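Visitor: Residue strings, one per chain:
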Amino acid sequence: MKRKILAVLLATAVTASLAGCGSSATTGDTASTEAAATETAEAGTEAAAATGGDNSLTVWCWDPAFNMYAMEQAAEVYKQENPDFNLNVVETPWADIQTKLTTAATSGDLSTLPDIMLMQDNAFQKNVISYPDAFTDITGSGVDFTKFAEAKTAYSVVDGKNYGVPFDNGAVIACYRTDILEQAGYTIDDFTDITWSDYLEKGKDVLAKTGKPLLSCQAGESDVIMMMLQSAGASLFDAEGNPTLVDNAALKEVMATYQSLVEAGVLVEVNDWDQYVGTLNSETVAGTINGCWIMASIQTAADQSGKWAITDMPKLDNVDGATNYSNNGGSSWAVTSNCKNTDLAYDFLSKTFAGSTALYETILPSSGALATYLPAAESDVYSQPSEFFGGDTVFAKITEFAGKTPSNNTGVYYYEARDAVAVAITNIISGADIDTEIQTAQDTVNFAMGK
Amino acid sequence: MSKPKKMNLNQKQNLSGWFFLAPAAIMIALMSFLPMLKALILSFKTGIGTNMTWTGITNYVRMFQDAVFMQSLKNTFLYLIIQVPIMLILALILASMLNDKHLRCKGLFRTMIFLPCATSLVSYAIIFRSLFAVDGFVNTILIKLGLLNTGYNFLAHPNSARIIIIIALVWRWTGYNMVFYLSGLQNIEYSVYEAAKIDGASPFKIFTKITVPLLKPTILLTAIMSTNGTLQLFDESVNLTAGGPANSTITMSHYIYNMSFKYVPNFGYAAAMSYLILILVAVLAFVQMKVGDKRD
Amino acid sequence: MIKLKRVGQYAFLILASILSVFPLIYMLIAATNKSVDVIKGKMIPGNYLIENFKSLMAQQDVGGAMWNSFKYAIVLTVISLIICSLAGYGFEIYHDKGKDIVMNIILLAMMVPFAATMIPLFQMFSSAKLLNTTMGFILPTISTPFLIMMFRQSARSFPHDIMEAARIDGLNEISIFFKMFFPTMRSTYAAAMTITFMNAWNSYLWPKVIMSDAKSMTMPMLVANLKAGYVTDYGVLMLAVLLCSIPTIIVFFLLQKSFAEGITGAVK
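Residue numbers (this note's numbering), protein chains in the order written: chain A, 756 to 1206; chain B, 85 to 380; chain C, 11 to 278.
Hints listed in this document are in silico derivations from the structure and should not be mistaken for laboratory results.
A quick note: this is a predicted structure, and the numbers were derived from the prediction, not measured.
The C-beta atom is built at its ideal place from N, Cα and C for all residues, glycine as well.
Please note that the accuracy of each hint is not assured.
As the list claims (entries may be wrong) - A short list of chain B residues far from chain A (calculated; beta carbon distances all over 12 Å):
| id | residue |
| --- | --- |
| 1 | Asn98 |
| 2 | Asn135 |
| 3 | Leu162 |
| 4 | Pro169 |
| 5 | Arg188 |
| 6 | Ile210 |
| 7 | Glu273 |
| 8 | Ser286 |
| 9 | Lys289 |
| 10 | Phe291 |
| 11 | Ile363 |
| 12 | Leu368 |
| 13 | Asp377 |
Claimed, not checked - Here are the computed distance ranges between Cβ atoms for each label pair:
| id | chain 1 | residue 1 | chain 2 | residue 2 | range |
| --- | --- | --- | --- | --- | --- |
| 14 | B | Asp283 | C | Gln19 | 57 to 65 Å |
| 15 | B | Asp219 | C | Ile60 | 27 to 35 Å |
| 16 | C | Leu14 | B | Cys189 | 17 to 25 Å |
| 17 | B | Thr142 | A | Asp1198 | 13 to 21 Å |
| 18 | B | Gly191 | A | Glu831 | 50 to 58 Å |
| 19 | C | Val17 | B | Ile247 | 25 to 33 Å |
| 20 | B | Asn135 | A | Asp839 | 39 to 47 Å |
| 21 | C | Leu14 | B | Lys293 | 21 to 29 Å |
| 22 | C | Ile60 | A | Thr1191 | 35 to 43 Å |
| 23 | C | Lys139 | A | Ser1121 | 40 to 48 Å |
| 24 | C | Leu14 | B | Phe370 | 26 to 34 Å |
Using the sequences and the hints given, assemble the complete structure.
Guide: Shown next, in the form of structure tokens:
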């Protein structure tokens, strides 16, 4: 049996190669490959890349339960007025969108790009500045950008021009296990509108009484640091895009706070995302602080329904402009320059994501896709209580947080700076000096910028 | 046979040789050398994204001032020096054990030992990270044995994280290399072993005096492939440790990838770093060929 | 004494096998559990397999991805085995200084990280109108220095006197390759086939870059899709990973006898 399979495969090989050897050596191999390829070439050359003319659009995004679902619902909304409209959503993980965009734009062949792609807010500036030819300026497209929070649209504005229609919200929430807090004698109110030093003291108490840390996060990632930093309206770059790590009082305070949280055991670092979600689901921590999209992961542990509550995050103690609000993550829709039918794309976006409260009412309950479209927040759906989170009106709360979030400059070299800060905090935790490490991080960023 | 006729035959055979290797060589020229040439040109340019200008050898100078790149170079060489010999020796031992006619369940053993490299990276990364987590399996065992008091976070410390990468590499690729040795061993007459056994040679002696010398061409193949694979190591650095803690496990390829796709793209610089890898591998492969590629 | 050695050999092999199989067992168990239980580290089989399967089928086109993966992997394996074995044979049997130099140059081709050549390659493929085609998928890896060298190294053990005998019998060079070399080198072909199939099956970055059609999705792409969202369903992910690993394992199992219990003696 086994021999037979081998024999068949080898026989095929022989036949194909003989066919190849018939002609001259050079054309020989192409002939045989072509012979084999024609049999199997089913992926047409036209494929699913941007569809010119007619009434259809191709979109890349990546989460079937979230942004893909939202896109498909948007198509339904749009079809009510335009029954011929056809939307082709291609599931493409974010990392792959980045790779494909880079490859296509660098080689100058943009024909593989879709009409619309979803872009992480943190990568928006970098991509528009690196590949200006790949994007379409949508400032004058008819989308009303004033209907979105300014801090959110800022991510996709380059040189005063709009390149993105804001989509999901990354407003930061602090989630706590009320049952665990109760064991330590606290309620959710004791953790609302507090400072990090309150948090640390109460955290130590909770740890002593219940054995559970208040917070977990991924080692080597700077999410928590960036959230703390933005909550005080501080950034790693100034408005001109120069790094401002050194002499940044907020950053120094953030580093020191993070270090003391880890030292006290109130913040526990785990090694990857899966373990982080694990700490939430398997009840090894008493809470977390993250973008509001983390609620979806928390809710997968259905047996913990009613035991969670959300509130705002702690604020920095000694920094001017410190608030209890921040942002982590979020994405926006970009129209590529490969889009042949821009009028259709503009019309679609402005009548759905930038114009339909009904769309957001549909997608919110089943996907938790919280809008950054301000008029949607007035909808009744947003004041629905959530049973999982103790009957609280979580969506209204988060929308309120989002409105109070200070904006920050991602700059073009955002990822370089984030990674440099992550290296710095790792070294600081193992005992290095804060000022020296911040200086090193700034040097790394400067080096990357070619300064 | 007369002399001129033999020359003629040699020439004819020589020509057939070129004919045999032409298709493959042409494909490699088109699919590898042409892009490599373009990358070489790129390595003398600098700029963001598509906006590139000539810069001479700046990129090649720059990489030696780049602390992260130098760190990645050190890490990669550490993996190479420790991991490749361990893995190849282990694969040789396993292959010669499994090349035993009297062994039962040979097929099952072989398949099981090959499994790691067929297992998807996704599950293998998740498993390795959870095995070595603070409350993971390895720590539990070490605590039970009384070697540790509390869990040790292996992935949070530079040296232990590097050791985990090395363990992971050995685990994943030993079975892969074993395949080549097993296949190479089939070209050795079994009777040679039988004769040696009858003469009373110890298994160790058989291994060093018969197996290893006869497998030399295959050992050279695997040594060059593993050297190349390790210097271009990417998967483990990205998926197991994400280069951390604080870049202490990042590899050159991982850094090059970041430079092209994560950070503000600087393809000229990425290409220059890639060419350094080429030079390093080429030198090592050249030495290995000199030592191992002799026709006796 | 001999018995003792046997025990040692078995013990070593059993230990190596257990260490190797562990992740597969983990995948199997995880595929039968709910996502939350997987993340909590549950290590006993659950009863969620059917649910995970249904949910995987509802989310992703598993059949289509399997078909594509098989199609690409088989086409690539067959063609590249032919091209590379011809070349390896040519390099070794007819070796001279010139060919040894060419071999060394060819080895250089694998030494540059793919991240550096990917963009120039994409440019070439886009001007040759090969984006979104099977040809585009397979061409870059159709001839690899690795396979060429593998066949070159194993051709070293191909006895020269046999060739002389064949030539005297009037066989031409191509017939010698197909009638003499090809059958003798079964173990090398089987090993090369296993490895090439596996590499083709697992290839991710290049196919992803040149294929923009959802219809050309392969198994590794499907797995990548499953962990791209804000929430990962680990049970479903592990089931997909398991399905993605099985074909390579089967190919290995079917072929291992051919390369590990070769037909020494047939050469004589």
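Visitor: All hints, please: hold or fail.
Guide: Hint by hint, here is what the structure shows:
no.	hint	verdict
1	Asn98	14 Å, holds
2	Asn135	8 Å, violated
3	Leu162	19 Å, holds
4	Pro169	28 Å, holds
5	Arg188	18 Å, holds
6	Ile210	6 Å, violated
7	Glu273	22 Å, holds
8	Ser286	35 Å, holds
9	Lys289	35 Å, holds
10	Phe291	29 Å, holds
11	Ile363	23 Å, holds
12	Leu368	29 Å, holds
13	Asp377	26 Å, holds
14	B:Asp283 x C:Gln19: 57 to 65 Å	20 Å, violated
15	B:Asp219 x C:Ile60: 27 to 35 Å	31 Å, holds
16	C:Leu14 x B:Cys189: 17 to 25 Å	19 Å, holds
17	B:Thr142 x A:Asp1198: 13 to 21 Å	19 Å, holds
18	B:Gly191 x A:Glu831: 50 to 58 Å	54 Å, holds
19	C:Val17 x B:Ile247: 25 to 33 Å	30 Å, holds
20	B:Asn135 x A:Asp839: 39 to 47 Å	40 Å, holds
21	C:Leu14 x B:Lys293: 21 to 29 Å	23 Å, holds
22	C:Ile60 x A:Thr1191: 35 to 43 Å	57 Å, violated
23	C:Lys139 x A:Ser1121: 40 to 48 Å	42 Å, holds
24	C:Leu14 x B:Phe370: 26 to 34 Å	45 Å, violated
When each numbered hint is compared with the structure, violations occur for hints 2, 6, 14, 22, 24.
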